[in-house]
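Undergrad: Given the coordinates of chain A, assemble chain B onto it according to the supplied hints.
Protein chains: 2
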Amino acid sequence: MQSQTTFTEHDEMYMARAIELAKKGRFTTTPNPNVGCVLVKNNQIIGEGFHQLAGQGHAEVNALAIAGKNAQGATAYVTLEPCSHYGRTPPCAEGLKKAGVVKVIAAMVDTNPQVAGKGLKILSDAGIDVAYGLLESQARALNVGFFKRMEQGLPYVTCKMAASIDGKTALKNGQSKWITSPAARQDVQLYRAKSCAILTGADTVLVDDAKLNVRLSELPCTLPTDLPLRQPVRVIIDSQNRLTPDLALFEIQSDVIIFTIKVDKSLQWPHFVKHIEVSESNGKVDLQAVLEKLGQLQFNNVWLEAGATLAGKMTELNLVDEFVFYLAPKLMGHDAKSLVNFPELTSMQNTVDLTFNECARIGDDLRITALKTH
Amino acid sequence: MQSQTTFTEHDEMYMARAIELAKKGRFTTTPNPNVGCVLVKNNQIIGEGFHQLAGQGHAEVNALAIAGKNAQGATAYVTLEPCSHYGRTPPCAEGLKKAGVVKVIAAMVDTNPQVAGKGLKILSDAGIDVAYGLLESQARALNVGFFKRMEQGLPYVTCKMAASIDGKTALKNGQSKWITSPAARQDVQLYRAKSCAILTGADTVLVDDAKLNVRLSELPCTLPTDLPLRQPVRVIIDSQNRLTPDLALFEIQSDVIIFTIKVDKSLQWPHFVKHIEVSESNGKVDLQAVLEKLGQLQFNNVWLEAGATLAGKMTELNLVDEFVFYLAPKLMGHDAKSLVNFPELTSMQNTVDLTFNECARIGDDLRITALKTH
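Line by line, the protein sequences are chains A and B. If you're matching positions, the first sequence starts at 1 in full-length UniProt numbering and goes up one per residue. If you're matching positions, the second sequence starts at 1 in full-length UniProt numbering and goes up one per residue.
Pulled out of the complex, with its shape left as it was, chain A reads as follows:
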C-alpha cells in the first residue's frame, strides 16, 4: 500500500469526476459519507456511481453494477477508501477484489475507525495496486461532518448569521424583516437541505413561530437525485419547557428533537417529536452534552440558526466549526441588536478568532464563510 506522490493528469480527471458524482449524494446519504466511484479501462470510463442513500449500494457497488464483467482489469477511482466491514451492505474492498479490479486509487484513507486503512490492506493483500492521496482536500471537504463525527464523536456545526454590514440583526424595537435579500434566504435553504439537523433555541421558535423546514420551491437548485427532499431533523434547545404543541413548528410532520433538563409530561406531543433530557449547566441545557448526544444519534452536519445568545454560547464553548455570515448592504446604527452575545471581553487577546474562507455575492448581499480557529 502506498501513497503515490505523482498521479497523472488522467488520474486527476477521473478523480475529479468521482468527486462530482459524490456530491450528488449531499442531500441524502446521511449518516453515511458522500462517496463517488469511477471505473476506467483502456482510458475509458466503463462504470461510475455514487452513494445515494444509507442502506443502499455504496458508490463502488453502483459503479461495478454498470461495468459488469468488464470490470476485470480496470482501475477504480474512489473518493474514499473502500469499506472493509459488514454494515448494511457487504464490504466494498471485497467487491472490488472479486470483480477483478487491478488498481485502486483512493482520494483519502477513511478515518472511520472501522475502516482506517483496512480496506486498502484487503486490496493490497490481494495483489491489487493501491494508491491514495489524490485530490485529498477536496475529497475531505465532501464529508467534513462525517469525519468530525468519526474522529471526535461530535457533529460539525455551521453557524449561520445574518446581519447588516455593521453587524446588526434587528432594530432596537425588534424589527428585522428583512435584513437580507430573498437570494440569501434561498441560499440558507440550500444549507439547511444539506444538513442532518437544524439546531436552534426555543426563543427563535417562539419569537418567529418558525417552521424550520426546507421548502423545495425555495431551493436555488434542483435535487440531484430522484429521491424526495429529506427534511433535516429540527433540534430545539428548550431548557425551560417553553414550547407548546400548537406552534407552527409542529405543523410540519417531520422529526423534532427537543432537548430539555426535565421533560414536562403534562403535554401531548405529536408522534414525530422526541424529548431528550440532558444534564444542566447554570440552569440551562448543557450544550456540550447536546452535541455529544447528536453525535451518538449519527448527525454529521448541524446547521445552527439561532439568536445572539445561543450562537454566542455555542461559540464560547468552542462547539462551532464554521460560520456563514450573510451581510446585507445596510447600516443600522449602534443601538440596533448585535450579532453575537458574549460575556464582556476585557482584553483584545480574548476575541474569538476565525479564518476567512470565501466571500461570494448572493443577490445584493455578501456571504462570507469563516472557520473557527480552534
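You can take every hint at face value.
For chains that are exact copies, the list does not tell them apart, and a pair is met inside one copy or across any two.
Below, a list of computed lysine to aspartate or glutamate pairs in the EDC-like style, where the Cα atoms sit at most 16 Å apart:
(1) K172 x E344
(2) K172 x D335
(3) K103 x D129
(4) K177 x D353
(5) K211 x E251
(6) K274 x E251
No lab work stands behind these hints: they were computed from the structure. As the structure is a computational prediction, the values presented were derived from the model and not from experiment.
TA: Chain B only, in chain A's frame:
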C-alpha cells in the same frame, strides 16, 4: 462630433493603455484630474504621456512632446476630453490641432463646465475626426472626485471603517489594538495617499494622538512617479476648540485645516495650520458647510477616517459617497463598541442603504467596498 458605438480592438487596447498611464498621476495631480494620452500612427505608439502635477503639462502635451513632428497624421487616445480653456497651460485641443492629429478618441466628455464638449468641438471644427465613449466607466472611475466637484461643488467622500466581522470597533473598555492586520493598515495608507484630504474629528486626534500622515515606508506599493510623496491635507472638525498645538498631529509639518464655530485666538499655532470658521448646527460645526468649503478649496477626494459619531453624522447627512470596510476575522460580542452611531431607527425602511462593490482579501482581513445609495 460623434459618439461612435463600435470601436476596434486596437482602439480599446490603446485606450486601456491611456487609462493605465492616467493612473500614474493618482498621487499627485490634485486638484486636476488624472488623464492619460496615447498617440498612434500606422498602428504604432509614437508618443504617450500622463498628467503628473497641476501647473505642469497635460497628458496630451507630454505625449505630443515625445511624438514631435511625427504627430502629423496620428490618432490621439485620451481618457478625458481635451481641455478648451486657458488655465495654467494652453488648451490641449489647440495643441492637438496644431500638431496635425487627424483623429481624437476620448473616453468621455469632460463634465467640467469650462470644457463640457468645447474641446471636442474645437477639434471637430478643425476637421479632425472625433469620437468618444470608449471605456467610459473606467475613465470615469479615475476621477470620481474631480467629477463630483465639477458637478456638485462637493468632494467625493470615502468613509473608512474597520471592525470585527460582528461590526465592533473596540471593546467596552476602549481597547482596540489591533483589530485589523498590518496588511489592512498598509492598505489604508494607500487610500490616504490617493486622497486630497483626510477628514476626522477632534476626538480621534485626542484619543489616538494620531498624526494622520502618509508613511512612505508603509505604502504597499512604490510611487509611480519621481515626485515626492504628497501629504493629504489633514482636516479636523473641532467644534469645541479642544485641539492644542502640542499634539502629535502638529509634529508633522504638513497642512492642517481645523474647522470650528469660533476660533480661539489665545493659542499659538504652527504656520501650516489654518482655522476656518463655519456656521453651527445644533452646537456643532455644520458638516454640509464644511464639505462646501472643501469643494471651494478644490479638494476632489476626501478620506473620512473618523469615529462612530462623526461617521454616523456624515452618513446621516448623505455626505458620504463610498464606504471601505475592513473586517477582521474576529468576534467581539454585543457589548463591544459599534461601527456607526445613528439616532435610533424605528423602521426597517429607514436603514441606510448601500450597494456592495467589491470584496477582496487584504492579509487576514476582508476589504469590502460599498457605494451609498443616494
